[in-house]
Each structure stands twice: as C-alpha cells, then as structure tokens.
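Using the hints provided, position chain L with the ligand relative to the given structure of chain Y.
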Amino acid sequence: MDLRFATFSEIDLDNRTFEIRRFAASTRLKDSLARFGILDPPWLQQKGAQYIAVDGFQRLGWAKENGAKGAVCRIFGQDCDIREVWSRRIEKKIFESGINLAEKAQIMSVLIVAFQSQEIPSFFLSGMNVSNRPDVPAKWALLSAGGTETLEMLASGAIAERAALEVAEWDERSRDSLLSVLKALKCSASIQVEIVEHIREIAVREQKSGADIIEAPRSREILMSGDLNHRQKTQALRTLLAELRYPRLSSRQNQFRRDLEALGLPSGIRIIPPPAFEGNNWEMELSFNGPEELRKIVHSARSIVESDRLDAIWRWDRRPGSPLPSAAARQKQDENKTTSNEG
Amino acid sequence: MKKIQAPRKVIVESSVAKGELVASLRKNLPGASFETVDRISDAVCCDPEILEVVDFRGRFMKSCPGTRHYHCCGYKILHFGTQCSIGCSYCILQAYLNQPNLRLFGNLGQMFGELSDALAQNRDSLHRIGTGEFTDSLLLDPFTELSRLIVPHFARTPNAVLELKTKTNFVENLSGLDHGGHTIVAWSLNSAQIRKQEEPFAATIAERIEAARFCSGEGYFLAFHFDPIIDHPEWKSGYARTLDRLFAGIDPARIVWISLGAFRFMPELKEIIRLRHPLSRIAYGEFIRGLDGKMRYFRDIRAEFYSFMVERIRRIDPGLCVYLCMENDDIWKQSFGFSPEERGGLSHMLDCAVKNRMHIGPFEPET
Ligand code: SF4
Numbered sequence: 001m002d003l004r005f006a007t008f009s010e011i012d013l014d015n016r017t018f019e020i021r022r023f024a025a026s027t028r029l030k031d032s033l034a035r036f037g038i039l040d041p042p043w044l045q046q047k048g049a050q051y052i053a054v055d056g057f058q059r060l061g062w063a064k065e066n067g068a069k070g071a072v073c074r075i076f077g078q079d080c081d082i083r084e085v086w087s088r089r090i091e092k093k094i095f096e097s098g099i100n101l102a103e104k105a106q107i108m109s110v111l112i113v114a115f116q117s118q119e120i121p122s123f124f125l126s127g128m129n130v131s132n133r134p135d136v137p138a139k140w141a142l143l144s145a146g147g148t149e150t151l152e153m154l155a156s157g158a159i160a161e162r163a164a165l166e167v168a169e170w171d172e173r174s175r176d177s178l179l180s181v182l183k184a185l186k187c188s189a190s191i192q193v194e195i196v197e198h199i200r201e202i203a204v205r206e207q208k209s210g211a212d213i214i215e216a217p218r219s220r221e222i223l224m225s226g227d228l229n230h231r232q233k234t235q236a237l238r239t240l241l242a243e244l245r246y247p248r249l250s251s252r253q254n255q256f257r258r259d260l261e262a263l264g265l266p267s268g269i270r271i272i273p274p275p276a277f278e279g280n281n282w283e284m285e286l287s288f289n290g291p292e293e294l295r296k297i298v299h300s301a302r303s304i305v306e307s308d309r310l311d312a313i314w315r316w317d318r319r320p321g322s323p324l325p326s327a328a329a330r331q332k333q334d335e336n337k338t339t340s341n342e343g
Numbered sequence: 001m002k003k004i005q006a007p008r009k010v011i012v013e014s015s016v017a018k019g020e021l022v023a024s025l026r027k028n029l030p031g032a033s034f035e036t037v038d039r040i041s042d043a044v045c046c047d048p049e050i051l052e053v054v055d056f057r058g059r060f061m062k063s064c065p066g067t068r069h070y071h072c073c074g075y076k077i078l079h080f081g082t083q084c085s086i087g088c089s090y091c092i093l094q095a096y097l098n099q100p101n102l103r104l105f106g107n108l109g110q111m112f113g114e115l116s117d118a119l120a121q122n123r124d125s126l127h128r129i130g131t132g133e134f135t136d137s138l139l140l141d142p143f144t145e146l147s148r149l150i151v152p153h154f155a156r157t158p159n160a161v162l163e164l165k166t167k168t169n170f171v172e173n174l175s176g177l178d179h180g181g182h183t184i185v186a187w188s189l190n191s192a193q194i195r196k197q198e199e200p201f202a203a204t205i206a207e208r209i210e211a212a213r214f215c216s217g218e219g220y221f222l223a224f225h226f227d228p229i230i231d232h233p234e235w236k237s238g239y240a241r242t243l244d245r246l247f248a249g250i251d252p253a254r255i256v257w258i259s260l261g262a263f264r265f266m267p268e269l270k271e272i273i274r275l276r277h278p279l280s281r282i283a284y285g286e287f288i289r290g291l292d293g294k295m296r297y298f299r300d301i302r303a304e305f306y307s308f309m310v311e312r313i314r315r316i317d318p319g320l321c322v323y324l325c326m327e328n329d330d331i332w333k334q335s336f337g338f339s340p341e342e343r344g345g346l347s348h349m350l351d352c353a354v355k356n357r358m359h360i361g362p363f364e365p366e367t
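Here the protein sequences line up with chains Y and L, keeping their order.
First residue of the first sequence: 1, per my numbering; consecutive thereafter.
First residue of the second sequence: 1, per my numbering; consecutive thereafter.
Simulated from the structure, these hints should not be mistaken for lab results.
For glycine and all other residues, C-beta sits at the position ideal for the given N, C-alpha and C.
Errors might be hidden in some of the hints.
Stated by the list, open to error - A few chain Y residues that face chain L, going by a derived Cβ cut-off under 8 Å, partial list only:
| # | residue |
| --- | --- |
| 1 | LYS183 |
| 2 | LYS186 |
| 3 | PHE277 |
What the hints assert, rightly or not - Derived BS3-like pairs (lysine-lysine); straight-line CA-CA distance at most 25 Å:
| # | chain 1 | residue 1 | chain 2 | residue 2 |
| --- | --- | --- | --- | --- |
| 4 | Y | LYS208 | L | LYS236 |
| 5 | Y | LYS233 | Y | LYS183 |
| 6 | Y | LYS183 | Y | LYS208 |
| 7 | L | LYS294 | L | LYS76 |
| 8 | L | LYS9 | L | LYS27 |
| 9 | Y | LYS139 | L | LYS196 |
| 10 | Y | LYS208 | L | LYS270 |
| 11 | L | LYS196 | Y | LYS208 |
| 12 | L | LYS333 | L | LYS62 |
| 13 | Y | LYS139 | Y | LYS93 |
If we strip away everything but chain Y, and leave its shape as in the complex, we get (with noise of 0.2 Å):
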C-alpha cells in the first residue's frame, strides 16, 4: 500500500462502503486527535478519479472539520480485490482493542458475504471468539441486518453475546423487545440467557411470539413498575417466566409451601423436598443457638411430626391448592384421638 497526500476533493467521504460503525459514542478517540492529531494514516481505495475510505472515517472527518486539506493516507490500489481489501480491513479492526457485539455483527456480515460461511478464515473467527458452527455466522448476519435500534442496543454493552445470538432468529418486534428490556435490566449473562431460554421456550410451546409473551399483561406490570429497581424487576420476571415455563412444579411447590406453612413448624425446622421433588431424599434442617433452644424445637415439634397431617404433604394425589385438614378439623382430630386413647 502506498503512502501519500490525498486532498479532501480527491476523496469520496460521502462513500460508506467499507464503513464498520461502532453505534456508540466514544470521546477516547476525539480527545487523542485533539492532542496528538492523526497519528495512523487512514486508509484509502482507489476509484476511478477519486477514492474512498476504507478505515479512518472519523479520522478524516475529524481533519476536514478542523480545517485541513487533506490527510497523508495508506492507499489500496483500483485492481486490489474487495475480499483482500476487506480482509485488512477487519483484521485490523479485531487488532484494536474492544470491538462491540454492533462491531462483530457488523464484520460478520462482511466476511459471510465475502466468503461464504463455511469459507471464513479461522483467524477472523477465533479473533472475535466468534464459535465456528455454521448457524452462528448467520445468525451475526441477522443481527446486523437488524438496522440501527437493534444495533444500538447491541453496542450499549448490556447485552451479552449469548444471549444476543439466541434472539438473532426472532421475528423483528420480538428480537427488539427483547434486547430492550435486557438491556433495562442489566443483568449478568447467564440470567439473560435464561429469560432469553424461558421466553423462547414457552413461545414456542404456546404457539405465540416473544414479543406476545414479554408484553404480556403480568410482564408488563413486572417491567413497567415504578416502585421496583432493576434488581427487583430482574427477579420478579425469572420468577414468572419459572412458573409459566413450569407451571405444574410451580403450583406444586406454592402447594408444598403453604402445606408447610399450614402444619406451623417451629420456627427452627425447615423441611427441604428433594429438587423438584424428584426422589425420596428429603431433608429437614434445624437451627439453635444451644441445648436449650434444640431441646424446645424437638419438643414442639413432635406432635407434628407424629400426626397423620405431616402425612398430607407427600400425598401426591392431592391436586395443587387442595388444603391440608383445617385447624378446626385438625384440633378436633386431635381431640378424638386423646379420648380414644384414654378410652
């Protein structure tokens, strides 16, 4: 590539072809410029009479509005191939540091053009830590071609990467409803993921959009909510996606709580079921701070433990939100026996 003295009249600014934008503000450059001017030629192609930027775009904006006549650039020659010209080009972009989801999605789409998707240098792909399965290119591609609002929220930062590529499929309104309210709640990775699963599984199983279940009413009320934080929401919309994902375990275990809840354990015990009450390992769990307490706790408990009303928790045939014997029903049970004990 040689290296010259192009003017502004020489060069196409206008021509956004080998453009990659990073869909989000960052001074670091601007206050570089202003100290140090252009230290890195941008980089030209040539077109017939004229050229066109290929890397430096801000650079050179940043030069003509401060006055200059043009900047010494690196320039590709008319009869260099677009794939060479591109392949520089991004390569040098994955060298600087930090190139955003925006940023990825955006190359990605270049290289799949380029060279189809079975067909796109390694290097490129482990230098964006992009995986090399052959749906993930394209599922890159859709994000970028997603235009400017879903670029945007990729860039901000918030969104992570996986859970990016698992909406990449989505119809439009749903992709984009999505990403928002990710990007609302800024929550780690591993959680978007698991909203991102939840909604696309029970979509699916429901016959409905994404976007039918995040603005769905209970959602809605979840995401729009003036007195919660984004801590709160967070928790609020796992916990709602759980129950419409399972809803059966779910109003199982609200059952298994208020059934516990209904025997008036001591405070001290806590009766854990096996994970999702698969099996038959059960656990009960007692805290005290000595004798005395363990002593108290053991006492209280017995009665409990040894009516048949501990039995009601494990029939399994009682349907969710059936109750346990009423207090009533039980005291008077509990009465019947002492008589006929005695008797």
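Here is chain L with the ligand on its own, set in the frame of chain Y:
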C-alpha cells in the same frame, strides 16, 4: 408404512464380505452397489443411502442400561447394529454423532456364539433378550432376513425369550418360522398425533396393529410399549384412542406385557431436536433433571400419565402385566398402588408374565 428407501450403497469390511449377512444383502438389494474395504472408519455426517457392514469387535450382549435410582427390567440386549432411518424426533440415536450411518455387524458367527454362551449361563433362570435398543429390530429385516436366523435360535432355547421391538410393519419374514412360542413381537405405540408429528416415517398406528394381528395369527406373542409418552394437548384422549384401537384389534391374552415410559432424554438431545426438528415442541415440556442426569417430566406429570394408562388397561385386562420403564418406587406406588419390590422385583414380575402368558418357566435349579 411406505417401503423404506433401500440403501443404494453397501460398504462392507473385507473380513465379513463372505458372510451370510452380506449374502442376504446382495440377494435383496439388487440395485445397490457393494464396496469392500479393509476397515470402515466413523463417518462425519450421515448419508442415508449408505449401509455399513462391519466386523464388530465389541460385546454383542449388553445389559439394559438401568440405574440405581430407577427400576430396571433386567432385560439383555442382543446388539446387532446401530442407527435407524425412521428418524423419530425424540430418538436418542441422533446423539451418537460419530456413527451416523446405518450399520450392521457382519460377523454373525461371533454374535450367535456370544448369544449361546450367555444363554448357557444360569440355565435355571429366564433370559429376556431384545434387539431393538440401538436400532429398530425389523427396519432392515426385509434385506437382512436376520429374523429368520434369530427367531429359530430362540425356539431351541428353553429358558429364553426374544423380543423384537419395532415401529415398522416389516413382519413378512416372520411368517412360517419355527418360533416355538419363544418370540415376542413388540411395537412401540403412541397417540396418533405424536405418531404423525414426531415419528412421521414410521408405520401408522393402524399398520402396527395390523402387523401385530398378523403376527398373532402366526402364533407369536405380542408386547406393546407406550414409550415415549409425550405431554401434548388432548394427550388423554389421544392415548385412550390408541388403547381402544389396540384392544379392538388384538386379543389381550396374546399380550405378554405393556410398558409405559414417559419421554426422557439426555440433556444434549434438546439442542439436537431443536436443530433437526425445528417444528417439534416435545423438548419444551416440564422437564427436570432426573437422578440419573436425564431430563424427565416433573413427577406429577409422569404419575398422571401412568395412572391414567394403568387404569384404562386394567379395565380391559386386569391380569395383563403392565410395567414402568425406569421409574422410582414413589411413582410406582402412586400409579399402581405397589412398588416392584412388593411383587418380588420388576424382573420377577416380567418373568411371571412370561410364565403366565407364554407358559415358559419356571426352570429347575442346576444340580
Ligand atoms: S424407530 Fe426407534 S430407533 Fe428408529 S428413529 Fe425411531 S426411536 Fe429411533
């Protein structure tokens, strides 16, 4: 069932090229090209037109992969090949990515040798042996005629029964065989909706029942496996209808057992189903991770399936052996009112079913 597409190319390892299996394939696949190679290496992607015949170096007899958490039926597997081209969306074989092509084991001599050795052990107990674990038992039978060798082998073995499990209606080769009442022909059944959506290339329910009737007419005993039972809207009426069709077409006295198994899968299968069967919704039920690491429906759902099915079957034939595949005591008790242990264990229950329906056993202790 539409005839399956016959393999166009058969690749054979040279050490088994002269064997009986390859001879049958040559006879029944006149349009296929045959290529002989020293060794077939694992393929990277599946080619449905290829059938591989290898000199199998592993064990032909395997135990049913039970775990300590869930009751296992104590079944033995005669391993004669791998993969299946029926392509059910839920099929576990999709996860065996390193051997995606249809593959048969051509060293039949060794297979029968190992089988005979296994049967010679524990002569005082019953061996229940099946072939449909890593492939469909009858899918390639029109080309291999393997049933014509295996079925008579069991007829000569007093303390063993063979179970051929299939979703096809390829039963012609079973006609006229000397089975000695030692072979059970078994079909996996489902609701018509699941059949249509998740196993569209398998025989229809009507074809399976028709094939079962044919086998019954040939004197074979029968079994049916409602496995996988899949949660879907209207599942109750769907499974009830299949049961009604089954009992309308088949004399229950010919049925040795019916097994019930709710859909369960290795976690890796979920992504495979998503990629290969994007329209399938079966992986989005209420699955939890079971004690064996597999995904299973939340217990209340499984128990509801089983209680419903058991009750319907009991109405028709209270004496028919119904069992749960890979379930725990808790679910057994809720569905049947007893656990296998209370009836001597699941293996014993199945042995009793063989004795009661097929009149095989008990056997004299060895002296
Ligand atoms: S018939 Fe059985 S082995 Fe064949 S694809 Fe279906 S589940 Fe798999």
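Results for each hint:
Proximity of LYS183 of chain Y to chain L is violated relative to the hint, the smallest CB-CB distance being about 26 Å (cut-off 8 Å). With a least beta-carbon distance of about 28 Å to chain L, the hint placing LYS186 of chain Y at the interface is violated under the 8 Å criterion. At its closest, the beta carbon of PHE277 of chain Y sits 5 Å from a beta carbon of chain L; the interface hint therefore holds under the 8 Å criterion. For the proposed pair LYS208 of chain Y and LYS236 of chain L, the alpha carbon gap of about 24 Å is at most 25 Å, so the pair holds.
Distance restraint check for LYS233 of chain Y and LYS183 of chain Y: the Cα-Cα separation of roughly 12 Å lies within the 25 Å cut-off, and the hinted pair is therefore satisfied. Of the supplied pair hints, the one linking LYS183 of chain Y and LYS208 of chain Y holds, its CA atoms being roughly 23 Å apart against a limit of 25 Å. For the suggested pair LYS294 of chain L and LYS76 of chain L, the alpha carbons sit about 21 Å apart, so the restraint of at most 25 Å is met. Distance hint between LYS9 of chain L and LYS27 of chain L is fulfilled; the C-alpha atoms sit about 14 Å from each other, no more than 25 Å.
Only pairs whose Cα atoms come within 25 Å are accepted, and LYS139 of chain Y paired with LYS196 of chain L is rejected, the gap being roughly 31 Å. Restraint check for LYS208 of chain Y and LYS270 of chain L: the C-alpha separation of about 20 Å stays at or below 25 Å, so the hint holds. Distance restraint check for LYS196 of chain L and LYS208 of chain Y: the Cα-Cα separation of roughly 22 Å lies within the 25 Å cut-off, and the hinted pair is therefore satisfied. For the proposed pair LYS333 of chain L and LYS62 of chain L, the alpha carbon gap of about 29 Å is over 25 Å, so the pair is violated.
About 20 Å separates the Cα atoms of LYS139 of chain Y and LYS93 of chain Y, which keeps this hinted pair within 25 Å; it holds.
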